[in-house]
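These protein sequence lines map, in sequence, to chains A and B. Numbers 1 to 153, taken from the numbering used here, label the letters of the first sequence in order. Numbers 1 to 128, taken from the numbering used here, label the letters of the second sequence in order.
Keep in mind the hints are simulated off the structure, nothing from the lab. We put the CB at the ideal spot given by N, CA and C, even for glycine. Don't take every hint at face value.
Derived DSBU-like pairs (lysine-lysine); straight-line CA-CA distance at most 35 angstroms [to be verified]: (1) K116/B x K81/B; (2) K81/B x K37/A; (3) K37/A x K116/B; (4) K16/B x K81/B; (5) K116/B x K12/A; (6) K16/B x K116/B; (7) K12/A x K37/A.
Here are a few chain A residues that face chain B, going by a calculated C-beta distance under 8 angstroms [stated by the list, open to error]: (8) T97; (9) A122; (10) F136.
Covered stretches of chain A, as calculated for chain B (at least 3 residues, CB under 8 angstroms) [stated by the list, open to error]: (11) 124–135; (12) 141–149.
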Amino acid sequence: MANTQAICTSFKQQLLLGSHNFGVGMIRAATTVDSFKAALFLVSATINASTTAYSATGEVSGTGYSAGGIAVTNATVPTTSGTTAFWTPSASLVYSTVTLSTAFDTVLLYNTNATTANAAVAVYTFGSQTITAGNFTLTMPTNDATHALIQIA
Amino acid sequence: MADEPSIDYLELFASKAVQNFDEPLQFRTVVTYTLPDGRVYQRTTVRIEKLNPFVADRGVIDIDLQDGTGFQQRHESTLIKTVGSVDNANEFTTWVECRLPGTDQVVHRSASTWLKATPGMGAQTGIF
Numbered sequence: 001m002a003n004t005q006a007i008c009t010s011f012k013q014q015l016l017l018g019s020h021n022f023g024v025g026m027i028r029a030a031t032t033v034d035s036f037k038a039a040l041f042l043v044s045a046t047i048n049a050s051t052t053a054y055s056a057t058g059e060v061s062g063t064g065y066s067a068g069g070i071a072v073t074n075a076t077v078p079t080t081s082g083t084t085a086f087w088t089p090s091a092s093l094v095y096s097t098v099t100l101s102t103a104f105d106t107v108l109l110y111n112t113n114a115t116t117a118n119a120a121v122a123v124y125t126f127g128s129q130t131i132t133a134g135n136f137t138l139t140m141p142t143n144d145a146t147h148a149l150i151q152i153a
Numbered sequence: 001m002a003d004e005p006s007i008d009y010l011e012l013f014a015s016k017a018v019q020n021f022d023e024p025l026q027f028r029t030v031v032t033y034t035l036p037d038g039r040v041y042q043r044t045t046v047r048i049e050k051l052n053p054f055v056a057d058r059g060v061i062d063i064d065l066q067d068g069t070g071f072q073q074r075h076e077s078t079l080i081k082t083v084g085s086v087d088n089a090n091e092f093t094t095w096v097e098c099r100l101p102g103t104d105q106v107v108h109r110s111a112s113t114w115l116k117a118t119p120g121m122g123a124q125t126g127i128f
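Just chain A, with the same shape it has in the complex (with noise of 0.2 angstroms):
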């Protein structure tokens, strides 16, 4: 046999069931899972790497849509493929019945467990989108090592 030099596989999914602490005053208490939010921000908000938390600076707002966006079903943990831990949430998010007339094109993607409030995991984006008296649905990819929504390869 022969060592090679690698991050754990097991430590990578370690990581999204929040396992490891490196630092101090970052103490997890809840044992439970934690529970995510969706949220819209406009075109001409900047929501990028460097957010560290949602706000609703920038975000859309309309007839149906509730500041802080949808809740997120999770029902699958993260798990791993090879060498990749990932996650995906477990249903498209839906945002139904709703007026949102000034342009949006991101997704923030949170927790609202977290130790730091409201604390960021994903920006995504897309073409810009209007909605009227509709819905906007985003389909999540297929949970597996190379298109779910999180992966740690």
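Knowing the structure of chain A, use the given hints to seat chain B on it.
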């Protein structure tokens, strides 16, 4: 990510193919634009000539006149419907727009987006 190009842009820079379908219950026009870089955009305009008995239970949709009166319901057959799609490396999106006849006002618009590419996160060991 890049927005869907405007119709003016597509008319100027894309190759265009138009197909008309005169069907029993509707007249449908499909315009396919192909940009030089391979991106394809499709717009379909549907004029429903009479109620389709097979989809009658799906015929009523919400509309918003955006005049402060809130949502109302109209039968789809009373509106001009346009559907389109965007298919690129990042997403596949379909959308449907409904306008009042004789106006350019969009009173209903829905969209469905499937993200193809998601931002991955790499993890690697450092060097001593």
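Status of the hints after comparison with the structure:
no., hint, verdict
1, K116/B x K81/B, "holds, 27 angstroms"
2, K81/B x K37/A, "holds, 32 angstroms"
3, K37/A x K116/B, "holds, 21 angstroms"
4, K16/B x K81/B, "holds, 20 angstroms"
5, K116/B x K12/A, "holds, 23 angstroms"
6, K16/B x K116/B, "holds, 25 angstroms"
7, K12/A x K37/A, "holds, 22 angstroms"
8, T97, "holds, 6 angstroms"
9, A122, "holds, 7 angstroms"
10, F136, "holds, 5 angstroms"
11, 124–135, "holds (count 12)"
12, 141–149, "holds (count 4)"
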